[in-house]
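**Q** Protein chains in written order, with our numbering: chain V, 105 to 484; chain R, 682 to 1078.
Just so you know, not all the hints are guaranteed correct.
A partial selection of chain R residues facing chain V, derived with a Cβ cut-off under 8 Å [to be verified]:
#  : residue
1  : G747
2  : G773
3  : M821
4  : R837
5  : W935
6  : V942
7  : V946
8  : L1039
9  : V1041
10 : P1044
11 : K1045
12 : P1047
13 : M1049
14 : P1051
Since the hints were made in silico from the structure, they are not lab data.
All C-beta atoms, glycine included, are put in the ideal place defined by N, C-alpha and C.
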Amino acid sequence: MSQPGSSHAFGVCRAARSRARPWGMRAMAFVLGLLVLPSEAQEARVLPLPAPAAVRPVLAELGRHLFFETRLSGDGSRSCASCHAPAKGFADGQALSRGYNGTEHFRNAPGLLSVRLRERLMWDGRHAGANLAAVVREMLTDGQFMNGDARIMEERIRQIPPLLTLWRRAFGEASEPRSEQLFESIAEYLRSLDFPATLVDSALRGESAALPQPVQEGLRLFTGKAGCVACHHGPLLSDGKAHRLGVAQHPALQREPLRMVSLLRHHTEMGLPNVMAERSDVGVYAISKNPADRGRFITPGLRGLAQTGPYMHNGRYDSLEQVVEFHDGGGGAGSELRPLNLSVRERQALVAFLLSLSAPLAAVAEPPAYDYGLVDGARR
Amino acid sequence: MRRLTLALLAAAVVFGAMLTLAMPHPTAPALATLPAVPIPAHNPMSQPKLHLGRLLFFDARLSGDGSTSCASCHVAQMGWTHSDPLARGYPGHRLWRNNPTVLNAAHYTRLMWDGTLDSLEVQARSAMQAPVEGNGKASMVEMRLRLVPEYVALFREVFGTEWPQLEHAWQAIAAFERTLVSDPLQVPFDRHLAGDGNALTPAARRGMALFEGKAGCLQCHNGALASDQGFHALGVPRQPQFDSSALVQIAVRWQNRQRDVPRAVYRDVDEDLGRYYQTRDPADIGKFRTPSLRELKYTAPYMHNGVFATLREVVDFFDRGGGDVPNKSPKLRPLGLSEEEKNDLVAFLEALSMDRPLIVETPKLPPMLPLDACANPGCARSLALRPSSNPPKKGLP
């Protein structure tokens, strides 16, 4: 598992990551970070979606089948799509995700469209964007998500004839299911998923200047007075870095024991000291162990929001109006944000702009549910 | 003359064979009443520990999806095993072996059909964490226990820790399992040994004589457990589900891989190699641990793959001299038993079981509660869980 550090460590100044680094060097890294940040802020722009990724079609097709395959999970009941439903922008529509049977997750399930463009993966950025297959592995095998066993996955695929056919089409006629290739296939499918292009993309490319008036005003505020673009930039409208906004804890965390179980168990797995004294989601701190990262989470992208509410790492807000209001107020306790003093009209324009970054989703074909077949052991 | 010599020789061989079959095995310990259960020094018994162990034995929160407890496969009403020929295991699975009873497991020195494990503590952990059985991730299960205030109090009382630790859960379960043993006062055979002349029916008495004599059962089924705890290949018929069930085929391949059979080998192996997994000696292929013959009345079906539904089928199998496998035990030979003798043997086998099955009432499990909700130990029951913010799904209470 990779070890992201403080907010500066995400992309800007990864050299500052090591905790063993002497103070002098840390200070230097910090200063470097300050030097780098303003120039980056100047570059901070909303960008159109890049061209689709070149994916290997046979791998992505296998991955699509596997994405919907419940038999990859421990008890055969949950697939990736259980919490990442295509019709919901590959999220689950819940404030806090369900997770595996017998568990309740403590964070919001993020959508997966254009996930290939993310710099860091997971709300605490514990995986680098390039390690999509590693995240797939974690989701499939971790007790919180699908609780599957890699070898059982392999043996089950071997026993599902249409999947085995797809497998051999992807990896060769003599190939046998291998978990590393399985994770890679699902990652390849995910790389093939992109947000639909929007009017904003056309406008940014100069192909169409006609953005509706409130959207145009929202974009102006977004890049200007409201300052959103400082963190929400690039094609996904995310800097891929960690920030503390002071979003209040979701009350279900305290109220529902299974959610607290999942949270404290996560802290335990990450090696956080004094786990039983903790009652809140510490975010990046659990990964970096740097106290400055307590309560920091990776900036989410802003595309497809129309389909992927509720919002924030813990689904605390049901509507974009609430989210904008929260930012307008300067965030919650310990926030890195400042109050914006937006008018009602300005807030509405921002919401209009945010919604213009969503477009109707392309339908995703769900593969049929295949039966197990038999292997003729004696004559194999 | 030469003919006479041959005839004499043949007679001697036959007589010798008959003698071997007719006489108890010279080194075989006699059948006996079970001694007191051995208690390991590192896990002494106590009443609160047994109470905790009983709760945990029935608690499905120890499994990955909250569906499967020890008691799911070891059902008190099914002789602390299960009536399925092959164990059901975790949802989405069908295992490759018949699950052994917990009854008297405390008396074995080696557990499992291939003798892989050597203590009830290790077995409890292994079963609840194996992906095909309990599939519980240690950190998740341990944290669940920590949010059950009654468990926090019980673990603290029994083990002195501030928060429940999973290793202690296996100890408590093992302690509870050490109470699941035959009561000699309830077993006709044990009453017979104790001097009760009416304990065994005439058929059971005749069966006992056959068991110790002509049928040669005592060669391997001896001592207090009626098991030598050794490993023997009998050539038990192939379990048909190995060919008819995709889930079993998955289980067989997975088990072979888990046991580090070389990849090239496991692809061609579609059976259970038994003791071989432990010793890697080809001479041990197909050998399984001799099971105890106590409590058979309640623990059908029989054999490592549950292929026989009744004791009569088992006796018929031994009467035929077992099956046909490379490493078959030389102790198995056709016995030539009459119908009546077979019935007598079954009568004796049944006399090794208690008059009534050992049943432990399913306990009411303590609820999981919000952390800090319970400042004092008595509050656990007074608090009710509030409904979840999500729609209900299958899983934990």
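**Q** Determine for every hint whether it applies to the structure shown.
**A** For each hint, the structure was consulted:
| no. | hint | verdict |
| --- | --- | --- |
| 1 | G747 | holds, 3 Å |
| 2 | G773 | holds, 3 Å |
| 3 | M821 | holds, 4 Å |
| 4 | R837 | violated, 13 Å |
| 5 | W935 | holds, 5 Å |
| 6 | V942 | violated, 12 Å |
| 7 | V946 | violated, 12 Å |
| 8 | L1039 | violated, 30 Å |
| 9 | V1041 | violated, 24 Å |
| 10 | P1044 | violated, 20 Å |
| 11 | K1045 | violated, 18 Å |
| 12 | P1047 | violated, 12 Å |
| 13 | M1049 | holds, 4 Å |
| 14 | P1051 | holds, 6 Å |
The structure is inconsistent with the numbered hints 4, 6, 7, 8, 9, 10, 11, 12, although it conforms to all the rest.
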